[in-house]
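Chains as they are written, first to last, in numbering that gives the first Met the number 0: chain A, 0 to 290; chain B, 0 to 806.
I should point out that these hints are in silico values taken from the structure, not numbers from a laboratory.
Treat the hints with caution; some may be incorrect.
[Said to hold, decoys possible] Partial list, computed: chain A residues near chain B (C-beta under 8 Å):
hint, residue
1, Met0
2, Leu38
3, Pro39
4, Arg188
5, His268
[As the list claims (entries may be wrong)] With a cut-off of at most 30 Å between alpha-carbon atoms, the simulated DSSO-like pairs for lysine-lysine come out as follows:
hint, chain 1, residue 1, chain 2, residue 2
6, B, Lys490, B, Lys420
7, A, Lys279, B, Lys466
8, A, Lys279, B, Lys670
On a predicted model such as this, the values are computed, not experimentally measured, just so you know.
For every residue, glycine included, the Cβ atom is placed at its ideal position computed from N, Cα and C.
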Amino acid sequence: MQIPAPFEYARATSLDDAIALLTRYGDDALVVAGGHSLLPMMKLRLARPDWLIDINELHELDYVRRHGDELRIGALARHRTLLESAEIAALFPIMTEAERVVADPIVRNRGTIGGSLCQADPAEDLSTVCAVLGAQAVIRSATGERVIGMDEFHQGPYETAVEFNEILVEVRIPIRPRSSSSYEKVERRVGDWAVAAAGGSVTLAADGTIEDAAIGVTAVGLSGRVTDAEAVLIGHRPTDALITEAGRMTSAAVDPMTDQRGSVEYKRHLAGELTQRVLKRAIARARRQEA
Amino acid sequence: MTLVEEPLVGAEHGRLHDHNPAAADADRPIGFGRLQRKEDPRFIRGQGRYTDDVVLPGMLHGAILRAPVAHARIVSIDTSEALSRPGVRAVLTGKDLEPLKLAWIPTLSYDVQAVLATDKVRFQGQEVAFVIADDRYAARDALESIVVDYDVLPPVVDLRHALDADAPVIRDDIEGRADNHIADWECGDEAATRAVFAAADVVVAQEIVYPRVHPAPMETCGAVADFNAVSGELTLYETSQAPHAHRTIIAMVSGIPEHKIHLISPDIGGGFGNKVGIYPGYVLAIVGSIVTGHPVKWMEDRSENLMSTSFARDYIMQGEIAATKDGRLLGIRANVLADHGAFNGTAQPTKYPAGFFNLFPGSYTWDAVYGKVTSVYTNKAPGGVAYACSFRVTEASYFVERMIDRLALELKMDPAELRLKNFIRPEQFPYDNKAGFEYDSGQYEKTMRHAMGLIGYDQLRQEQVEKRARGELMGIGISFFTEGVGAGPRKHMDILGLGMADGAELRIHPTGKAVVRISVQSQGQAHETTFAQIVAEEIGIPPEDIEVVHGDTDRTPFGLGTYGSRSTPVSGAAVALVTRKVRDKARLIAAAMLETRPEDLEWAKGRWFVKGDPTASRTIQEIAMAAHGTMELPDGVDGNLDAEVTYDPPNLTYPYGAYFCVTDIDRGTGKVTVRRFLAVDDCGTRINPMVIEGQVHGGLTDGVGMALMEIIEFDPEGNNLGGSFMDYLIPTAMEVPDWETGFTVTPSPHHPIGAKGIGESATVGSPAAIVNSVIDALSPLGVTGIDMPCTPGRVWDAMQGHATPPI
Numbered sequence: 000m001q002i003p004a005p006f007e008y009a010r011a012t013s014l015d016d017a018i019a020l021l022t023r024y025g026d027d028a029l030v031v032a033g034g035h036s037l038l039p040m041m042k043l044r045l046a047r048p049d050w051l052i053d054i055n056e057l058h059e060l061d062y063v064r065r066h067g068d069e070l071r072i073g074a075l076a077r078h079r080t081l082l083e084s085a086e087i088a089a090l091f092p093i094m095t096e097a098e099r100v101v102a103d104p105i106v107r108n109r110g111t112i113g114g115s116l117c118q119a120d121p122a123e124d125l126s127t128v129c130a131v132l133g134a135q136a137v138i139r140s141a142t143g144e145r146v147i148g149m150d151e152f153h154q155g156p157y158e159t160a161v162e163f164n165e166i167l168v169e170v171r172i173p174i175r176p177r178s179s180s181s182y183e184k185v186e187r188r189v190g191d192w193a194v195a196a197a198g199g200s201v202t203l204a205a206d207g208t209i210e211d212a213a214i215g216v217t218a219v220g221l222s223g224r225v226t227d228a229e230a231v232l233i234g235h236r237p238t239d240a241l242i243t244e245a246g247r248m249t250s251a252a253v254d255p256m257t258d259q260r261g262s263v264e265y266k267r268h269l270a271g272e273l274t275q276r277v278l279k280r281a282i283a284r285a286r287r288q289e290a
Numbered sequence: 000m001t002l003v004e005e006p007l008v009g010a011e012h013g014r015l016h017d018h019n020p021a022a023a024d025a026d027r028p029i030g031f032g033r034l035q036r037k038e039d040p041r042f043i044r045g046q047g048r049y050t051d052d053v054v055l056p057g058m059l060h061g062a063i064l065r066a067p068v069a070h071a072r073i074v075s076i077d078t079s080e081a082l083s084r085p086g087v088r089a090v091l092t093g094k095d096l097e098p099l100k101l102a103w104i105p106t107l108s109y110d111v112q113a114v115l116a117t118d119k120v121r122f123q124g125q126e127v128a129f130v131i132a133d134d135r136y137a138a139r140d141a142l143e144s145i146v147v148d149y150d151v152l153p154p155v156v157d158l159r160h161a162l163d164a165d166a167p168v169i170r171d172d173i174e175g176r177a178d179n180h181i182a183d184w185e186c187g188d189e190a191a192t193r194a195v196f197a198a199a200d201v202v203v204a205q206e207i208v209y210p211r212v213h214p215a216p217m218e219t220c221g222a223v224a225d226f227n228a229v230s231g232e233l234t235l236y237e238t239s240q241a242p243h244a245h246r247t248i249i250a251m252v253s254g255i256p257e258h259k260i261h262l263i264s265p266d267i268g269g270g271f272g273n274k275v276g277i278y279p280g281y282v283l284a285i286v287g288s289i290v291t292g293h294p295v296k297w298m299e300d301r302s303e304n305l306m307s308t309s310f311a312r313d314y315i316m317q318g319e320i321a322a323t324k325d326g327r328l329l330g331i332r333a334n335v336l337a338d339h340g341a342f343n344g345t346a347q348p349t350k351y352p353a354g355f356f357n358l359f360p361g362s363y364t365w366d367a368v369y370g371k372v373t374s375v376y377t378n379k380a381p382g383g384v385a386y387a388c389s390f391r392v393t394e395a396s397y398f399v400e401r402m403i404d405r406l407a408l409e410l411k412m413d414p415a416e417l418r419l420k421n422f423i424r425p426e427q428f429p430y431d432n433k434a435g436f437e438y439d440s441g442q443y444e445k446t447m448r449h450a451m452g453l454i455g456y457d458q459l460r461q462e463q464v465e466k467r468a469r470g471e472l473m474g475i476g477i478s479f480f481t482e483g484v485g486a487g488p489r490k491h492m493d494i495l496g497l498g499m500a501d502g503a504e505l506r507i508h509p510t511g512k513a514v515v516r517i518s519v520q521s522q523g524q525a526h527e528t529t530f531a532q533i534v535a536e537e538i539g540i541p542p543e544d545i546e547v548v549h550g551d552t553d554r555t556p557f558g559l560g561t562y563g564s565r566s567t568p569v570s571g572a573a574v575a576l577v578t579r580k581v582r583d584k585a586r587l588i589a590a591a592m593l594e595t596r597p598e599d600l601e602w603a604k605g606r607w608f609v610k611g612d613p614t615a616s617r618t619i620q621e622i623a624m625a626a627h628g629t630m631e632l633p634d635g636v637d638g639n640l641d642a643e644v645t646y647d648p649p650n651l652t653y654p655y656g657a658y659f660c661v662t663d664i665d666r667g668t669g670k671v672t673v674r675r676f677l678a679v680d681d682c683g684t685r686i687n688p689m690v691i692e693g694q695v696h697g698g699l700t701d702g703v704g705m706a707l708m709e710i711i712e713f714d715p716e717g718n719n720l721g722g723s724f725m726d727y728l729i730p731t732a733m734e735v736p737d738w739e740t741g742f743t744v745t746p747s748p749h750h751p752i753g754a755k756g757i758g759e760s761a762t763v764g765s766p767a768a769i770v771n772s773v774i775d776a777l778s779p780l781g782v783t784g785i786d787m788p789c790t791p792g793r794v795w796d797a798m799q800g801h802a803t804p805p806i
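Chain A extracted, bound-state conformation (with noise of 0.2 Å):
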């Protein structure tokens, strides 16, 4: 048995008494949702609250909603019930594909995309996916609400702009017709972190060009979108080249690390081959669904 060291806890009963716990103990203190990430570190001291509060109960904040022409998922949403949502299925097939490779069963049962999105880990697939899809996240704290982009939510790894007082309590993505999308991962072994993931998604215009595109990669050393390689791909016709361009492109962009999970040129080549096979992919669904 793994022992952290000593921690207090809390549980809030609303949103508006997690927000207030979170006020009074400061930096001193995390939220904890699923666990899947926090608890074994605080096992391994390497993280050390002295105050745990739990937002479990806080069943408000566990939904998959149509809202217009948004999406909305609330923080407390588990990975399970967005692998397992038809609508989300039906727009984001990427949000799909990824939670079909977040983890494991076991994570994918407690886990949820407010705590993905907030522990910010460089392996983590969602905060690659809401990136690609233009997600909004939606910041409350005892003042207010703040709706920013994943470009400014995402500061770094293991940093988000969630200040100590506030709690992240949705997730919007805007559903845009004629797209698709798509992710794909590496990994040495199911449950592990990725050795190199990508997401890709695209809208196609009404004459089949790529109106515009969206590339994101998982455990490369870049995070938020690889602008330079979507430029390649909007205002054009896909073809194999085209793609092949893209991969090249992502490839070069990355910054990857050598690890026990494989070398920089290893890693270089996966973020292209990824990125190809995905935009391959989320074309192909596109088309479908003009047709």
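Based on these hints, arrange chain B on the given structure of chain A.
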């Protein structure tokens, strides 16, 4: 001899997976056959009782402070703040153990290891101090209050440089030690092998690395020690695969007389060799109980288990093979560099410092063979023989099976054909393998051809041709291994002077129920089922009427325990023989009951009857009542139906198998998928096929783990990079295929029931099949070798032409 003669070959796959004949009462065997495990109800219902479940009145808890660095001199240790923390009862350091002569203890290889470091720490994770507190939280928290001043030294991490002249000397505690050399060992005939190589048409060489892996049992190691100062008795609950050997060694080390030590090894949550050695934590729990006057529990956490307990493998093997152009094997040479860590703690018979690496010639005939192993110290955790390896048979089998494929590639010959051409033939048994071991029996070609039929070898090769034409990477890998298990003949084999024999006691109660007491200890191998089945087969009492007692030194006869697949070869033989002894005694009593002469009686399972008159019979249950009753017994017959034996095996048993693995490799990512795996095992007589299949399935999963993902790596400073299950990967159901198994039956000629060990066969045999399959898949790209683990990145590197060794 009771033997299952038919069927001699078979397969369990496809729909048979879903079918469980043992579930039906009518099919339940009285003897050998498929039978659900007797121990499962308590595990399934959460009623297993493990060491950590032991709670004694007044029990305290220990926690170990461990070295944060791989190599450092200890300047000072300040425990004062820790001692002042609430709930802390005592803090022990090496200085406290020195007067007790317990700062160092002997290892299983005639070296010593530190219980708590006194002079230096020699690996990251080494034991430095022990806190005893009211609960495990207080003990763990207090570790952070101990202040240790280290003078950090350069570590020896790369074993290839351990013997360099300027390498730091790790074991300066040993007088006169000026380098990191442990031992050189050799087998075979060096000169004859050199001559064979000089004259050969074809010689290939290949470096083969078997990296450091860890057994990683689900239950970590631990102990609860309860020393009674008044009676002088020590009751010790311990995660031990060898309770009797542990009791003797603890008696020798601690000075507590052996008859005052009661060692109980309760349910064990997996061992795989990890629970063979004596760990410092066990000794510390004992000392802690003596010091505090309370029972003390110590259970390590997962990271402690992975970082400090017995690892496995860590062999760098230089292989050479000589052959004729048409594929006749002539000679094989192995030159091994072995990393034994900071203390030479490998568990193996005394005369075998490289374990049974003598099996490296494998299943083939050679004109000459030569093997050499050099072992060295490094600043890494000690251990060295663990993880279902049958004393280095794993390394030996992996070595020869990789080498055979390397030659096949060189000769452009089908690897199955090359094996078939060179197998030891059935009439050559008993076979001297030219490296010191005599194989007992085998029908290698028959088993190989059976496996080739089951997997559809020719069709697979055809499919591969088609896939290669399309640029797809598909591999077919073969491993044909021979193990030597069941250590062993006591004149050759001992551990710390204890001969490797095992006892068994059988008692038939008056009502015809039985209890059999054995010296080996199950860690999941279903001893309570299979040993009951052996008694049942021999005497006809149903298995459910037979209690198997194990794991408690006060309730069982002496013996060396369970590891190296030795339970069935050694204890299984003891149980068969003790049952026959009881059966012979029953004959005398039955003769008296039937008023005839013993020689006029014949045995049918469960009863003695008068030859020619089957109705004149007495069942074993009737005889048991009579033995304890009032009838007048024949002269020299005691009034019971009990017996005991100690079995000294005449030789090892030599199970073998033909394993086939089909892989697909994603050309763009290097990701390996094991599509199919067939294991055809021959373990001689099959006591409980269901248990055998379970063992094989588990071992194959181990094999996938080692082949594809498992490795304990160290950074240049000696930091362990595999210290949690986040970093040390073990396979999940997602990485393994639906296992296909089959069997042939070639009984061991010297074993009472013809059985051979099976527990480790699949772990031994499977990695080579998987890696050979990966190499086969990549061979169109010019790849001739890749070392484990075959992670996507390492496979991709090999595809680019720069395969690198993992260490």
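Do the hints match the structure? See the list:
| no. | hint | result |
| --- | --- | --- |
| 1 | Met0 | holds (6 Å) |
| 2 | Leu38 | violated (12 Å) |
| 3 | Pro39 | holds (7 Å) |
| 4 | Arg188 | holds (5 Å) |
| 5 | His268 | holds (7 Å) |
| 6 | B:Lys490 with B:Lys420 | violated (36 Å) |
| 7 | A:Lys279 with B:Lys466 | holds (23 Å) |
| 8 | A:Lys279 with B:Lys670 | holds (20 Å) |
Comparing the model with each earlier hint shows violations of hints 2, 6; every other hint is respected.
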